[in-house]
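Colleague: Residue numbers (the numbering used here), protein chains in the order written: chain L, 1 to 352; chain S, 353 to 690.
Keep in mind that the hints are not guaranteed to be accurate.
The list that follows gives simulated cross-link-like pairs (lysine-lysine, DSS-like), each with its CA atoms no further than 30 Å apart [what the hints assert, rightly or not]:
(1) L:Lys54 <-> L:Lys164
(2) L:Lys85 <-> L:Lys164
(3) L:Lys85 <-> S:Lys636
(4) L:Lys54 <-> L:Lys106
(5) L:Lys142 <-> L:Lys164
(6) L:Lys54 <-> L:Lys197
(7) L:Lys164 <-> L:Lys146
(8) L:Lys146 <-> L:Lys85
(9) L:Lys106 <-> L:Lys85
(10) S:Lys636 <-> L:Lys277
(11) L:Lys164 <-> S:Lys636
(12) L:Lys106 <-> S:Lys636
(13) L:Lys106 <-> L:Lys196
(14) L:Lys142 <-> L:Lys54
(15) L:Lys142 <-> S:Lys636
To be clear, the hints were calculated from the coordinates, so they are not data collected in a lab.
Since the structure is predicted, the reported quantities are computational estimates derived from the model, not experimental observations.
Listed here are the chains, written in short residue letters.
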Amino acid sequence: MTAEFFGLFRCIFLLTFMGLVCAACTPVHVPSDQANTVQIDVTDRYGNRVQLQKPAQRIVCLFEASADDLYMLGAGSALVGIPAKIYSAPDLYHAYSILDRRIAQKQIATPSNWEASTNIESVVALQPDLVVVNAGQTDVIKVLQKMQIPVYAVMSENLQQTRKELHDLGALTGRSERARQLLQFIDAEIAAMNAKKHNTTQQKTVYYGWSGGRIFSTSGIDSMPNTVMTLAGARNVVTTSIDQPNVNPEKLLEWNPDVILLWNSRPEQIYERPELKTLSAVQHRQVYNLRPTFLFNPHTPKILLAANQLQHWLSGSVDVHQDAAHDMQRILSEFYGATHAAQFIHMAQSKE
Amino acid sequence: MKSSVSVLIYLLPVPLIIFSLLIGPSEQFGLRDFSYALYAFFSTPNHLSNIELARLELMQNIIVNVRMPRVFLTFLVGAALASSGNTLQALFRNPLVDSYVLGISSGAALGAALALLTGWLPVQVSAFLFGILAVCMTYGFAQQRYEKSSVVVILLSGMIVSGLFIAGLSIVQYLSDPYKLQAIVQWTMGNLHQATWEKVEQAVLPIALSLLGMYGMRWRLNLLALGQLEAQAVGVDPRRDQFLLVLFVTLATSSSVAVAGIISLYGLFVPHVVRMLIGPDNAKTVPANIFLGGSFLLIIDNLSRTFSTFEIPIGIFTMLLGAPLFLYLIRRYRMNWA
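Given the sequences, and given the hints that come with them, work out the whole structure.
Modeller: Here it is in C-alpha cells:
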C-alpha cells in the first residue's frame with residue numbers, strides 16, 4: 001500500500017516537474033502592436049534600440065549618475081526605482097534628499113544595491129516603462145528586453161558618452177529642449193575654460209589620488225579624472241593608460257606635481273606624510289579635495305564643475321576661493337536651479 | 353654543499369638590503385646618481401650648488417622615508433610568513449600547511465574589509481584583531497571535551513572558520529561601493545607600497561618577539577614534529593609547547609597581514625625551499641626561514657617596485673616568481689612527500 005502510494009506520488013511529481021519545464025521553455029507571448037505608434041526612437045551606444053509611444057512615466061534607473069541626469073533634466077518625478085546606494089551612502093542620501101522628498105522619506109523602491117546587483121523580479125514588479133541600467137549588466141538587459149521592457153544602457157565612461165546619454169535621456173523623458181539647453185551650457189563652459197587655458201603661459205601638472213585615503217592609487221590617461229585635468233588645462237603626471245594604478249611614493253616625488261587633487265580624501269593625509277614634505281604641492285599647500293563627491297560626479301555634466309574648480313585652484317589668483325565659490329553657485333544653478341544650488345553649497349560648506 | 357648554502361642564506365640579507373636601498377622606480381635616483389651624489393658630497397661638500405643640495409635632500413628623503421621602511425617591512429613580513437609556515441608544517445606534521453591555515457588570512461581580510469567599508473577602526477588594527485579572532489575560533493571549535501584535539505580536527509576547524517570569514521568578506525564586498533571594493537580587492541592582493549615607519553613600528557615588536565620565540569623553541573619543534581606521544585615520552589609537554597608556538601605564529605602572521613595584506617602561499621613554499629636546501633632539521637630551518645624568507649620576499653618586492661612606473665601587487669609577483677622556482681626545485685631535488 002505504502003509502495004503504491006509513493007509510486008503514485010512519484011508519477012505525479014515527475015509529471016508536474018515536466019509540465020513546469022515545458023512551461024518554462026515556452027516563449028512568453030507579449031502583444032506587440034505598438035510598432036505603428038512609436039514616437040520616441042533612441043539607440044544607445046551599445047546598439048540597444050529603445051522605442052516608446054510616449055515619454056517615460058515610470059523609470060527604474062539603476063545607474064546613479066543617470067538618476068542625477070534625470071533630476072537635471074527635470075524628470076526626477078518619473079523615477080520609481082533607484083539604486084539602494086542612494087539611501088546607504090550618506091553623501092548621496094543627503095544630496096538626493098534635497099532634490100526629492102520621496103528620497104528623503106525613502107519612499108522610492110531600490111531594486112538594486114550597486115550597479116551590478118539587480119533583482120530582476122523587483123524591477124519587473126515596479127512595472128517600469130523604461131529601465132536605465134549599467135551597460136555592464138548584459139544578462140539583466142537581455143532578460144528585461146525579452147520581457148519587452150524598454151532598456152537604455154549607460155556607462156558614462158567619458159564626456160562624449162555623458163553628452164549622448166544626456167541627450168537620449170532627454171528624448172526618452174520628453175525633455176529634449178532641457179537636454180539641448182544643458183548641452184549648450186556644457187559647450188559654452190568648455191569654450192570658456194579653453195579660453196582661460198590659452199591665457200596661461202605654462203601648463204601645470206596634477207596628480208590625482210583616489211578616495212578613502214588611497215592616496216597612492218591614481219588614475220591614468222584614459223580616465224575621467226584625466227578629462228577633468230585636460231578640461232582645466234593641466235597635465236596628468238601619470239602617463240599610463242591603466243585606469244587605477246598604484247604608484248610608489250618615490251615616483252610621486254620624482255613627478256613632483258604642482259597640484260594634488262584628491263577624491264574624497266583629506267588633504268592632511270598628504271600633508272602629514274614626512275616623505276612627501278619636499279613636494280612642490282605640499283610646500284605651496286596645493287592639495288585639494290573634491291568633496292562632497294555628489295557635486296563633482298565626473299560621470300555627469302558636473303565633470304565641468306570639477307574641471308572649473310581645478311582651473312581656479314591652478315590659477316593661484318588672490319581671489320581663488322571667492323571666484324571658485326561664485327562659479328560653483330553659477331554652474332549648480334544651471335543644473336538644478338538656484339534654490340537647490342544654494343542648498344548644495346550649504347551642504348558642501350557643512351562638510352568642510 | 354649544505355653548509356655553504358647555509359652560509360649563503362645567512363650572509364645574503366646584508367648586501368641585499370643595501371642593494372635594495374639603492375634601487376627604485378624613479379628614473380633619476382638609481383645607483384649611478386646615488387654614487388655621484390655621495391662622491392660630490394664627500395669631495396666638495398661646501399661647493400655644492402643649491403640645485404645639487406636640493407637634489408641631495410630629495411635623495412635622502414627617498415632613501416630614508418620611502419625605501420628604508422619598505423625594505424625593512426618587506427624583510428620582516430617575509431621572515432614572519434616563512435617561519436610561521438615552517439613552524440606550523442612541523443607542528444602539524446603536514447607539508448600542505450601554510451601560515452594562513454588557522455584562518456588568519458581570511459579573518460584579517462574580513463577585518464580590513466569591514467574597516468575600509470565602515471571606518472570603525474584603522475585597517476591594520478581591525479585586520480590584526482580579526483586575524484587573532486579567527487585563530488581563537490579555530491581552536492575553540494577544535495576543542496574536545498574529554499580528549500586532546502587531533503591535528504586533523506584543528507586543520508578542519510581552520511578551514512571551516514576560513515570559509516565563514518570568506519563568506520563574511522563576500523558579503524562586505526557585495527555591499528561595498530565600487531571605490532571601496534577596489535580598495536578591498538587591492539588589499540587582499542598584498543600591498544607594500546604604502547610602507548611607512550609607522551607600519552614598521554607597528555609590526556616590528558610582535559614579529560620580532562614571535563621570531564625570537566620560534567627560534568628559542570626550535571629544538572622542541574623537532575620533538576613535537578615526531579608526534580605528541582613521542583614528545584611526551586622525552587619529557588616535553590606538547591600541549592603547552594603547541595599553544596606557545598601557535599601563539600607566536602598567530603602574532604607574527606596577523607601582524608604581517610595587518611601591514612602588508614595577504615601574500616598567498618609564501619608561507620607554504622619557502623619552508624619547502626629551505627628544507628630542500630639545508631635539510632629537515634628544525635634547529636636549522638627556523639633561522640634559515642627567517643633569513644631566506646625575508647631575503648626572498650625582498651628580491652620579489654624589488655622586482656615588484658622597479659618593474660614599471662606603477663606598482664604591481666606583491667601577492668601577484670610572489671606567485672609568478674615563487675611558483676616556477678618551487679617547481680624547479682621539486683624536479684631538481686626529486687622531492688616526493690609520499
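Colleague: Hint numbers the structure violates, sorted upward?
Modeller: 3, 6, 10, 11, 12, 13 and 15
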